Amino acid sequence: MRHRRTRPDALLRPPGAGTTRALDAIWQVVGAIPRGRVSTYGAVAHAAALPGRARQVGYALRVAPAELNLPWHRVVGAGGRIVFPRSSRQHLEQARRLRAEGVRVRDGRVAAAALTDLDGL
DNA sequence: GCCCTGACCGCCA
DNA sequence: ATGGCGGCCAGGG
646 MRHRRTRPDA LLRPPGAGTT RALDAIWQVV GAIPRGRVST YGAVAHAAAL
696 PGRARQVGYA LRVAPAELNL PWHRVVGAGG RIVFPRSSRQ HLEQARRLRA
746 EGVRVRDGRV AAAALTDLDG L
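Heads up: the first sequence is residues 646 to 766, going by the working numbering.
Hints are computed from structural coordinates only; laboratory data are not their basis.
Model, not experiment: these values are computed from the prediction.
From the three backbone atoms N, C-alpha and C, an ideal C-beta is built for every residue, glycine too.
Take the hints with a grain of salt, since some may be wrong.
[Claimed, not checked] Derived DEER-like restraints, expressed as beta-carbon distance ranges:
no., residue 1, residue 2, range
1, G747, T665, 28 to 36 Å
2, E712, A757, 18 to 26 Å
3, R707, R741, 15 to 23 Å
Can you make the complete structure from the sequences, with help from the hints?
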């Protein structure tokens with residue numbers, strides 16, 4: 646076969662890649678957040694070699710395939726704040742999941758102690 | 001290609 | 001603590 650321009654993983658993903666790298670990096674970082682610990686969009690972006698692109702982390706989680714079973718609830722906004730609107734379905738769901746892991750959630754915020762650094766990833 | 005919309009963030013009034 | 005603003009950048013229309 647002379648030209649194989651499609652990698653195996655590319656076949657499992659819709660065409661028009663290019664951003665795929667960033668998404669994979671983000672998903673990998675999120676998947677590495679330990680149970681019972683939390684990180685922020687900004688920190689995840691940084692760890693995924695995408696400093697300053699916190700929004701892309703939000704997008705990555707938004708479009709993440711359910712099959713990946715990512716612990717999306719472990720990602721919160723700066724300062725440990727749950728970014729979804731107070732009474733939204735998602736906010737409640739995230740708080741519920743976090744509490745289920747023993748994370749204290751008070752007033753839409755997680756305790757600073759729950760934040761993890763995720764240094765080398 | 002332009003414009004708008006975001007699971008964001010830091011700064012400043 | 002709170003709200004506004006600009007910066008960031010990928011998608012979708």
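15 to 23 Å as the expected CB spacing between R741 and R707, which holds or is violated: Given range 15 to 23 Å: holds, Cβ gap about 20 Å.
Outcome of range test on Cβ distance (E712, A757; 18 to 26 Å): violated, 33 Å
G747 paired with T665, Cβ distance criterion 28 to 36 Å: With Cβ atoms ~34 Å apart, the hint holds.
Checked against the numbered hints listed earlier, the structure breaks hint 2 alone; every other hint is satisfied.
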